[in-house]
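Enquirer: Chain E is already provided as a structure; the job is to place chain D on it using the hints.
Just so you know, the sequences run in chain order E and D.
Its first residue numbered 0, the first sequence is counted upward by one per residue in numbering that gives the first Met the number 0.
Its first residue numbered 0, the second sequence is counted upward by one per residue in numbering that gives the first Met the number 0.
Derived from the structure by calculation, the hints contain no laboratory data.
Given that identical chains are not distinguished, each listed pair holds provided it fits within a single copy or across any two copies.
Below, a list of computed lysine-lysine pairs in the DSBU-like style, where the Cα atoms sit at most 30 Å apart: (1) Lys-109 to Lys-95; (2) Lys-171 to Lys-188; (3) Lys-95 to Lys-171; (4) Lys-113 to Lys-101; (5) Lys-188 to Lys-203; (6) Lys-49 to Lys-109; (7) Lys-171 to Lys-202.
Here the structure is a predicted model, which means the values were calculated and not measured.
Number of protein chains: 2
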Amino acid sequence: MENYIEAAVRAYLQDAASDKPAPGGGSVSALAGALGCSMGEMAANFTVGKKKFASVQKEVEASLARLEESREKLSELIDEDARAYTAVTEAQALPKNTEEEKEIRKQKLKEALKGAMLVPLNIMRNCSKVASESELLAAKANPYLITDVGVCVIMAEAACAAARLNVEVNLKYLKDPQVESQVREETAKLCESTTAAHENVLKKVSETLDA
Amino acid sequence: MENYIEAAVRAYLQDAASDKPAPGGGSVSALAGALGCSMGEMAANFTVGKKKFASVQKEVEASLARLEESREKLSELIDEDARAYTAVTEAQALPKNTEEEKEIRKQKLKEALKGAMLVPLNIMRNCSKVASESELLAAKANPYLITDVGVCVIMAEAACAAARLNVEVNLKYLKDPQVESQVREETAKLCESTTAAHENVLKKVSETLDA
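Pulled out of the complex, with its shape left as it was, chain E reads as follows (with noise of 0.2 Å):
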């Protein structure tokens, strides 16, 4: 298994595009959300220590530093989804001759299909917390770095879109009806978060560019 946050750039991107099973689309998903966390950590580190800024300069050393953490966290994912799905793959390929085998193979099948739908929940998760932060800056960073937080938002809400068609693949394999009644009322509330910040923050873009 790689260690794909340490791999070269072109070298994620061919894995990415083989048929390796893995990185696939959570891995990607967590990615976009992690480059969503850096362009929002650009603008608050262009406002932090200016003095035209130091009004709100605790608020956005506050964000800057949830977005850090939102973007270790997101890093992580990107090689926890590899990990998860190559879980699923291993699972797939167990011997399934006896019922001993069959039952067993279920089973491991089962628990791999429900780390692989955990990980991009918890990408959504984070997705859902760096469009927050965005609104954040949208309101109080250097609005020379509006467009990053644009960029910022247009990434979060991606991400989170992109991991949520994997949770919801895996939640379609798992065949679980109660795991996916209460998974599918929280995708809902994350992705619908996301989506009003996205449009919040690109109205308020829109204003500054028109201005």
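Expert: Below, chain D without anything else, positioned relative to chain E:
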């Protein structure tokens, strides 16, 4: 100037987050577009060479080749954008003590801003192509990979929208009404077709997941 395509994913994210002028929103958009390519290519790579999909082999192979080309271009644009933006900050740093210096600075800045505007425009053109390939793949490629085709179009659409913000902000500073109206016409068309592909493909993804 770094060669970001060969940098580690973590290092890229770190530099993007920092108060270095580059990589910024344009470079991040190019990377997001390249991630979209990779997801489309993965779906194509799990289709070509498989008996079950022999009837679509040629079409999917051709799509794969086009996506590889777009990924190559978008990969180059990750670094081109960083270079183009650095040229803007260099022009801004030129002396402006005499009238002659002011005139030289103005011209250099104009050239640099035009360059910085053309790079994200080029990113948008490539993302629009990727979105179009995702429509072909959603219809023809191995349906087991349908969520990856979904991630492909989500990334292409987000990258196109993010790159557009970077076109817009450079147009704002460029202040050239003729260039502006011409470029705005093109960006509107590129976003329109990408958004349409996004809608079509995600509808297909939902239908497949619900089946």
